Every structure is written in structure tokens, then in C-alpha cells.
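Working from the sequences, and respecting the hints, build out all of it.
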Amino acid sequence: MPPMDIEQIKDKLGLGEDKIYAVMGEFSDPHDLVHAGRKIREMGYTKIDAMTPFPVHGIDAAIGIPYSKLGWIVISVALCGSATALLLQWWCGTQNYPLVIGGKPLFDFSFSIPITFELTVLFSAFASVIGMFALNGLPRLYHPSQNYRMAHRASDDRFILVVEADDPKFNPQITVEHMKSIGAGTVEVVVG
Amino acid sequence: MADIAIRQDPQLLATNPPLVRSDGYHDLTEQISTIIEGDVFKTPRKYWITLSITGSIVLMLGAMLTYLVSTGIGVWGNNRPIGWAWDITNFVFWIGIGHAGTLISAILFLFRQKWRTSINRSAEAMTLFAVACAGIFPLFHTGRPWRAYWLFPIPNTDLNMWQNFRSPLIWDVFAVSTYGTVSALFWFTGLVPDLATIRDRATTKVKQWIFGFLSLGWRGSARHWSHYEVAYLILAGISTPLVLSVHSIVSFDFATSVIPGWHTTIFPPYFVAGAIFSGFACVMTLLLIARWALNLQNLITMKHLENMNKIILVTGSIVGYAYCTEFFIAWYSGDVYERFAFVNRAFGPYAWAAWTMYSCNVFIPQLYWFKSMRTSIPVMFVISITTNIGMWFERFVIIVTSLHRDFLPSSWGYFKPTWVDICTFIGTIGLFLTLFLLFARFLPMIAMSEVKGVLAKEKQLFAKETVSHQ
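Here the protein sequences line up with chains A and B, keeping their order. Using the working numbering, the first residue of the first sequence is number 1, and each one after it goes up by one. Using the working numbering, the first residue of the second sequence is number 1001, and each one after it goes up by one.
Simulated from the structure, these hints should not be mistaken for laboratory data. It cannot be assumed that every hint is accurate.
What the hints assert, rightly or not - Chain A is faced by these chain B residues, among others (derived, beta-carbon under 8 angstroms):
hint, residue
1, Phe1174
2, Ser1226
3, Thr1325
These numbers come from a predicted model, not from an experiment. Glycine included, C-beta positions come from ideal geometry on N, C-alpha and C.
What follows is the structure, encoded as C-alpha cells:
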């Protein structure tokens, strides 16, 4: 593969100064954001996102974010953790190196409870943290939303509504008008 | 529903003031972020003086451990019949301290206790630092810490065998290492949104780079939060049984043995209650200092402190109840050795330690039945310290008094710590304080994103005038 220059990489990733990412607008109150989100969804937009300094309740339902599937990932990894712990204790104790200590059985489900429990918890903790970041597409070095003038306030005190450009109903001019009509401030077409 | 009732009833509103007081989200961000954003070289001199004292104590810890490794564990005072002494006492003491952090971050989260948000970050940090201090003791008690990998089932060519999975000591290895790892993951997950706040406010390239790296590109997207909240709930859900299991397993180290004074079924719940008791006291000590030094009175209010004191009263009373049960069962069992162990504990050569423990853990916290005591800062500061003295003595009493008079009077002894014992323990206190000081200076000490959530709820609940005027 020939080496790509930065422009080609950007092009491949769908990034660039000439690529529109979204129309973004901001609110200063979480309730206004939820109302606006509901309104913009009623206008027929489907690729909506929000950026907020803390989880705003009701925003998921307002802009149509499905409930996270993380739980399924965690439960499957947790079961792997239990299986690993049981196999480890059974195989080491009875197959690989049987050692009689105090006449105790080589393997039993009673004495294997603590380690099985701990490994289940350990595996689920890693699954929930790594799984959460993976589902969020993190870590990531760059995101076009950073080009929005108010993006840095999304971690402070602003509640930002995003209509992404790959929405079938997206049209820069019209979407900006829609955004303004629902009360958003600093409405911008964000490129990147 | 209760929220609506409070909003509509002025009398209820007067008795249920807002939990946190801040003029708005931005003021909160400013208040917390400016603590860590100032020029490092302009940090008040008081900070550097304190840090250099605690840092010197860490150096002493390093010297003690070097001396121990180069000479042998004989430099500690434990010897027959007291094979476990200050080392295991300190291990259980530090592990116990850590438990309050997980209780606040996980159990109070599941119970939807909003007041936890002001204190959970520092309590979780305290957990991590306490586990780090705890780990030092068993690690160095092995005498050969460079062989520590023998504790884990790692295939190798020098041990050539597996660990004994039937032993509570190996359960302890799994429990404590899982506990440390999960606490670190939980703490970091909670930190990411706040690190993103610091990144977005960063003024220098270096800070942008550091906090940009640490916050992993978090942008607060609604999709992020949706996964994040589920992850947080799962972590809280698994940490709750985890924290109960860790001290239960620590207590198995004693309870599964046949030593009178150790061989009791009450140990798991009794150890867990004691751990939460001492941990809350330690959170209290640290928070009272931080609240005063960093002017956080509007975020860590009297309501927070009073709630913590109530938990200290409850867990202290559970511990007192457990002491009574132990004595009753020792008498009721009819076992002469068991009876002797408990009479000897209260009236033998270590009576001074036992009565220090009863006074600090059971009698003194009873003052918290009075609201004036629960809401007095000097009182709670003193009690938070006496509680930790008492809980240290509890572990000392359980471990040493049960061992020092063996079944045969020819194997009786009296434990005296050596100067290395004492300096190593003081060294871990120095390590704990140093880590906490660094944390308070360089990372957001209050979970901004979580307190903002509480603030949003209260903004909705209270008229604007009430929120903006302290």
C-alpha cells in the first residue's frame, strides 16, 4: 500500500475542511435541550446527538438513543470469568498437579467460591469499562465536533444539540433554520 | 413524589435546604477546576511544607523496607508464638479504611443517595491509596517480595507447582488484587468526564496534551453518557458484593483457623461493619481538612458531614454488638480455651489495648446520638481520629491477644514492636497522605459532572432565589 498523505487519510475517514459534519446549536438549560431535541426529532431528523456536561435525563428518549447493549457484553464476559476461575482451580488441583493437603478434596465447588466470585467481578469490571469506551468509539484523538465554537463549553455549562450531516433530511441552510426555530443559540454549520 | 411535596410546602422546604450551594454549572466548574489549574510554582508554601514532611516519611518507609529486605523479617518484632503482629494488623487496618470509598461510590449510588456526589471522588481516591498501603505489608512479610508472582497462578519454571486454592490466604490474594483493580477502574471511569472539563479549559499545550490523553477523547455526547451510565451502574452493582466479599475473605484468614478468638462465624459481617466504620472516619478526617483548606463548605455541607456521622454511629454500634456477641458465644460455647481467650483479652496483659478499643469504637461514637455532637466540627474531627485509633487496636487485639497465650503456658509470650515495626507503619501513613496531597492538588477532588447533575435537579426543585443565595 502506498503511503498516504494527511489529506488522503482525512478523505478516507470522511474528514476535511470541505466536509460538513453537522449543524450544532447550544442551550443553557438541560430542559430546553430535551424539549428542543424532541421538537427536532418530530421534524423528521434521525441522526441527532447531544453534548452535555452531565447525563441529562430524558434526552435519550427525546432524540431516539436506544438503551445501551453494554449489559449483554458484561454478562458474557462475566460468565467467561467464572468459567476461567473454575477451570483454573479444577485443572491445577486435579489434572496438572494433584496435591493432598490436610486430606481436603482436590477440587470442590465450596472452596472454589471465593476465587470464582473474585474473577467474575474482575472480568466484569474490565468488560464494563473497556466495553463502554469501545462502544463510544474511544479513545479517539480527533472529532469534528471540536470545530464548533462552543464545543469546549459542553464539558462546562452548555447543552449542545447536534444534527449530523449524514441525516437523510439534512440540508445546511434548512437545518440551520430549523435549529434556530427551536431556540438554539450560536447555531453553526460545523465542518471537519 | 417526595421532591414535589417539598417544593410545594414552604415548611418542608425550610427543613430540607438544597444539598449543594452553587450559583450555576459554570461557577461549580470554576470552583473545582481552579484548585488544580493554578501555576504549580505558585502553590501556597503551606502545601509544599506539608508535602515535604509527608514525602520525607515516605523516604523513611523506603529505608525501612530496604533494611527489612536486606536483613530479613527478623527486624520486625513478630516471633513465636506471635507470628502475625503489626504487619497483618496494618494490612487489615488499611484494607478496612479503603472500604468506605467503595461503600460511598457503589452502595450509596445504588441507594440513590445524592449526597454521595460531593464526597465520592476523594473517598474513592482514598480507597486506592489505602489498598496500596495495605499491599506493602503482606508483600514484605513474605520476606522475598521479588517472588511475589508466586502468589498468582502464573506458569513458571522456578516454583513448578500451583498455589493452594483451598487456602484462605490465596483467596485473599485474589480478593485484594481484584479490589484494587476494580477500585482503580471505577475511579478512572468517574474521572474521565471531569478530565475532559480540565482539557477543555487548558491554556497550555502541555496541559492540553496531558488531559487530552487522560480523558481519552471524551466529548459528553448523549450516546457516550448512555453507555457510561450503564457502565457506572454495572460497576456499582458488582462493587457492592465485591466490597462485602473482600473483608469477609480477609476475615476468613482468621475464621478458618482453629485459634480460640479467631475461630468464629461472626467474623465476616463484623469485619465488614468495622471496615466501613473506620473508613468513614478516615474520609471524615481527610474531608474536614480539605473542606477547610480549599473552602469547599458550599459543596461539602453540614448535611454531608452529619450523614457520615450517622453511618459512623450505626457501624460503630454494630461493632459494639459484635463484641458483645463474641463474649456471649465464648461463655455459651462452654469451651475452656475460647472462654480463656476472651477473659484474657479483656483482663489479661493486653487489657490496655482492649479497653482502648472498646472506648474508641463503642463508647465515644455514642455521642453521635446528639445532634449537637453530630454537627460540631471539632467533635467530629476528634471522633474521626479516635475511631481510627480504636479500629487499629481492634485488629491488634484480635490478632495479638489470640496468639500470645498459646495452648501450653510454656509457649506464652508478649509482643513488643521493634522500631522498624513502628517506622514502617508511620511510613505507610506518610505514603497515604502524600498520595492524597498529590491527588488534591492535581486532579479534580469533587466529581463535577455528578454534582452538576444534583445541581440540575435542585435548580428544578427550588426557586432561583433559594439556590443563588447561600
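Hints and how they fare:
no. : hint    : verdict
1   : Phe1174 : holds (4 angstroms)
2   : Ser1226 : holds (5 angstroms)
3   : Thr1325 : violated (24 angstroms)
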